[in-house]
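Asks: From first to last, the protein sequence lines are chains B and Y. For the first sequence, the positions run 1 to 400 when the working numbering is used. For the second sequence, the positions run 1001 to 1276 when the working numbering is used.
You may find that some hints are simply not true.
Some chain Y residues flagged as far from chain B (calculated, every beta-carbon gap over 10 Å) [said to hold, decoys possible]: (1) A1071; (2) G1190; (3) V1200.
Subject to a maximum C-alpha distance of 25 Å in a straight line, what follows is the list of computed PhoX-like cross-link-like pairs (lysine-lysine) [what the hints assert, rightly or not]: (4) K1194/Y <-> K93/B; (5) K289/B <-> K317/B; (6) K120/B <-> K1119/Y; (7) K1064/Y <-> K142/B.
None of these hints come from the bench; they were simulated from the model. Every value quoted in this text rests on a predicted model; they were computed, and no experiment measured them. C-beta atoms are modelled at their ideal positions from N, C-alpha and C, and glycine is treated no differently.
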Amino acid sequence: MNKIEVNNLTKIFGSHPQQGLKRLKNGEQKDEILDQTGMTVGVNQASFAVEPGEIFVIMGLSGSGKSTLIRLVNRLIEPTDGEVLIDGEDITKMDKNALIDTRRKQLGMVFQKFGLLPHKTILHNVAYGLEIQGVDKAEREKKALETIEDVGLKGYEDSYPSQLSGGMQQRVGIARALANDTDILLMDEAFSALDPIIRSEMQDELLKIQAKLGKTVLFITHDLDEALKLGDRIAIMKDGRIVQIGTSEEILENPANDYVSNFVKDVDRSKVLEASHVMKRPEVLLSYKDGPRVAVRKMEEAGVSSIFVTDKEKNFKGLLTIDDAIKAYQNNTSMEEVLITEDIYSTPPDTPLNDLIGIAADVKYPIVILEDGKLLGIVSRVSILSGLVLGKEKDEVISA
Amino acid sequence: MNYFYFPLEEWTNDFVNGWLLPVMSGFFDSISVALRSFIDGVTNLIIAIPPELLVIVLILLAWKLAGKGIALFTLIGCLYIGSVDLWAETMQTVAIVIVSTLISVLFGVPVGILSAKSKTVDKIVRPILDFMQTLPIFVYLIPSILLFGLGGVPAVIATFVFAAPPAVRMTRLGILQVPEEVVEASQAFGTTSKQLLFKVQLPLAVPTIMAGVNQTIMLALSMAVVASMIGAPGLGSIVLSGISTVNVGLGLTGGLAIVVIAIILDRITQGVGNKL
Chain B
1 MNKIEVNNLT
11 KIFGSHPQQG
21 LKRLKNGEQK
31 DEILDQTGMT
41 VGVNQASFAV
51 EPGEIFVIMG
61 LSGSGKSTLI
71 RLVNRLIEPT
81 DGEVLIDGED
91 ITKMDKNALI
101 DTRRKQLGMV
111 FQKFGLLPHK
121 TILHNVAYGL
131 EIQGVDKAER
141 EKKALETIED
151 VGLKGYEDSY
161 PSQLSGGMQQ
171 RVGIARALAN
181 DTDILLMDEA
191 FSALDPIIRS
201 EMQDELLKIQ
211 AKLGKTVLFI
221 THDLDEALKL
231 GDRIAIMKDG
241 RIVQIGTSEE
251 ILENPANDYV
261 SNFVKDVDRS
271 KVLEASHVMK
281 RPEVLLSYKD
291 GPRVAVRKME
301 EAGVSSIFVT
311 DKEKNFKGLL
321 TIDDAIKAYQ
331 NNTSMEEVLI
341 TEDIYSTPPD
351 TPLNDLIGIA
361 ADVKYPIVIL
371 EDGKLLGIVS
381 RVSILSGLVL
391 GKEKDEVISA
Chain Y
1001 MNYFYFPLEE
1011 WTNDFVNGWL
1021 LPVMSGFFDS
1031 ISVALRSFID
1041 GVTNLIIAIP
1051 PELLVIVLIL
1061 LAWKLAGKGI
1071 ALFTLIGCLY
1081 IGSVDLWAET
1091 MQTVAIVIVS
1101 TLISVLFGVP
1111 VGILSAKSKT
1121 VDKIVRPILD
1131 FMQTLPIFVY
1141 LIPSILLFGL
1151 GGVPAVIATF
1161 VFAAPPAVRM
1171 TRLGILQVPE
1181 EVVEASQAFG
1191 TTSKQLLFKV
1201 QLPLAVPTIM
1211 AGVNQTIMLA
1221 LSMAVVASMI
1231 GAPGLGSIVL
1241 SGISTVNVGL
1251 GLTGGLAIVV
1261 IAIILDRITQ
1271 GVGNKL
């Protein structure tokens, strides 16, 4: 079952939201409704689902409705229409007590401006969620101390928020959300207020926490690089609508419309694309059992000067150049003796392209992509370059 | 401009003489008795404390909350009040200030909370506060004599009307000033509205509320002379007799004592607000 499921969620700000909703359902645009009725469409019939343990990023520029959307999920803002299912329960239909209970037990939240209680110490801030649930003092403070240690703030529990740097304050914000042991973390531009180095550190930290605790994370950001780094899947919002949902690769390579493609055109592809996205199947594969004669003939057929060698199970063995193959054939030596096994760089398929650029410049032969010792493909300098510049379009361009 | 006659004067007089005084006098008498014993209790209590002890406590408070300078000022000021033989009158004035401030805060803080929470309450309360602050004092001073008799009680009532509005306004402001993200964050973790008020909003509003209390105290002190016109004992009556007998010296002596008390109370209450 989906951890969070949002169906046709709509928020209209203004005096007669139901009227606005009718117009919206008749297909009127956000601008028309604003012009004619003065009402603002915050979120327009958004639907998405987040699976357990997934980091789902909602990304959009300011005014796209993303912050409204995340507040609709825990009903800090009352939705106009639509439903929000948390573990299958519709939060929009809950009464006050059930809502408070769901917020306490299932939904942790981290805020852009931290939202720490300035009059309470770090310890009491982190214990706050448990305090309001009536957990007794010793127990909640023990839990808070553990969580403070987890986020690397041990020793600061008696400080006040104003004595901490922004990055540290946000660690407190995260600790506060973790202390409640909720399955879901809602993060509203959680790292946007931090400077770049701290932000990157916190992103890594979040990935670590998520890997360790398996939280389901709904993450809001305006920063595409952040979305691509963190998101298992990304939803792109514009004018209150979700215009595309997909993995980083899907969004980069198949933008749904001009808006998205404009957005992603300046992305540093080297950080997003992985070796497997640009690798090619080696031109000719040669079973290890074949002799040098077969090898030479295959190279002649394919018009190449070297060939990759595997065994029957596709386990990578090495590289054979045509010169060596001919020599081996003339001297009647075995394949193993002339096979090049050193000086060949191999790497797993999920290596970021960024890491391969420097290596590709230095190595003599194409980079070999291996998974469990099996040859999946090769990456040449040309394929890295075309991957960076063109993404998937390279095929079309080349064939044209 | 008089297109028609609006008989507000007659109506009011009919209301006061025909209903308020004959029908409600029992009610107002009981309020009067309760308030009088409250005022007398406080006055007797602070007069019973040896002046030296009270001064030492005040100096320590001033030192702790407002610094060395104010502590020194407190010492000199109290020596002055003693040396012009106005200690008892000062205590009477302070008692009236304490009682009217207490009543103002007891009324002002809850009303301030309500008007911060509800726009409707705010819309009703705001003009009433404007009315309380700007209506010329003598307009309600006279009726309060009719209802409560002469002395400290009508003085406290009149002072309350004049001095309570800042407590209401500053409480409302203090609560509305709590940063939106802090309120939102506490709600996101499942805070009930009661917990929100007592664990988040009120603690964060305390410095602003204290500024309101400070203003209430100052306004209450500024009413001392007016209050003495309706028979309230204290420094106001010294100033008043100085004025009415053209005894400039006596007027200044009493007036200075009021200023001394005002400065000490102001700095100490401000200190409380800043320390919290």
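Asks: Now tell me if each hint is right for this structure.
Replies: Hint check:
{"no.": "1", "hint": "A1071", "result": "holds (28 Å)"}
{"no.": "2", "hint": "G1190", "result": "violated (3 Å)"}
{"no.": "3", "hint": "V1200", "result": "violated (6 Å)"}
{"no.": "4", "hint": "K1194/Y <-> K93/B", "result": "holds (22 Å)"}
{"no.": "5", "hint": "K289/B <-> K317/B", "result": "holds (11 Å)"}
{"no.": "6", "hint": "K120/B <-> K1119/Y", "result": "violated (29 Å)"}
{"no.": "7", "hint": "K1064/Y <-> K142/B", "result": "violated (35 Å)"}
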